[in-house]
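Colleague: Sequence:
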Amino acid sequence: MLVQLQKLRTQYPNIKLIAHSDIDTEKTVKSLLEIGFAGYLLIGSDADDFRKAIEVVINGKRYFSMEVAGIAKEYFSNN
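Counted from 1, the sequence shown has number 72 at position 73 by numbering that gives the first Met the number 0; the numbering is strictly sequential.
It is possible that part of the hints are untrue.
For each label pair, taking beta carbons as the anchor points, the in silico distance ranges come out as [as the list claims (entries may be wrong)]:
no. : residue 1 : residue 2 : range
1   : Lys6      : Asp47     : 28 to 36 angstroms
2   : Arg50     : Ile14     : 18 to 26 angstroms
3   : Ala46     : Asn77     : 14 to 22 angstroms
4   : Leu7      : Asn78     : 15 to 23 angstroms
List time: in silico DMTMM-like cross-link candidates among lysine to aspartate or glutamate, alpha-carbon distance up to 20 angstroms [stated by the list, open to error]:
no. : residue 1 : residue 2
5   : Lys29     : Asp47
6   : Lys26     : Glu73
7   : Lys60     : Asp47
8   : Lys51     : Glu25
9   : Lys51     : Glu66
10  : Lys15     : Asp48
11  : Lys29     : Glu73
Rather than coming from a laboratory, the hints here were simulated on the basis of the structure. Backbone N, C-alpha and C define an ideal beta-carbon position, used for all residues, glycine too.
Modelling step: build the complete structure from the supplied sequences, incorporating the hints.
Modeller: See below:
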C-alpha cells in the first residue's frame, strides 16, 4: 500500500493527502508523513474533524487527530 501511495505522491506532487485509519502506531504514522501526508484522522473522527482537516490542509497547514499529534510533532521537529 505504501508503494502505491508514494507513486501517487510522485505522480501528483501538489496533491494534499489526509489519511483516515484505525492504526495509530508510530511506524505507520511516520511512514505516511514521510510520503507527504498533511493530515491524519483516526477512525471515529466525526464530520467536524473531517471538515476542519480538509480546511486546514487546503490552506497549507497540517491536521492530526489528538491521538497521533504527538507522533507528528516529534516527526516534524526531527525533519
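Colleague: Next step is simple, just say for each hint if it's right about the structure.
Modeller: Okay, the hints, checked on the actual structure:
1. Lys6 with Asp47: 28 to 36 angstroms: holds, 32 angstroms
2. Arg50 with Ile14: 18 to 26 angstroms: holds, 19 angstroms
3. Ala46 with Asn77: 14 to 22 angstroms: Roughly 33 angstroms apart at Cβ, these two residues miss the hinted range, so it is violated.
4. Leu7 with Asn78: 15 to 23 angstroms: The hint (15 to 23 angstroms, Cβ to Cβ) holds, given that Leu7 and Asn78 are roughly 21 angstroms apart.
5. Lys29 with Asp47: violated, 24 angstroms
6. Lys26 with Glu73: holds, 12 angstroms
7. Lys60 with Asp47: Roughly 17 angstroms between the alpha carbons, so the hint for Lys60 and Asp47 holds.
8. Lys51 with Glu25: Measuring from Cα to Cα gives roughly 23 angstroms; hence the hint is violated.
9. Lys51 with Glu66: Measuring from Cα to Cα gives roughly 16 angstroms; hence the hint holds.
10. Lys15 with Asp48: Holds, at about 16 angstroms.
11. Lys29 with Glu73: Holds: Lys29 and Glu73 sit about 9 angstroms apart, inside 20 angstroms.
Violation of the numbered hints given earlier is confined to hints 3, 5, 8; the remaining hints are satisfied by the structure.
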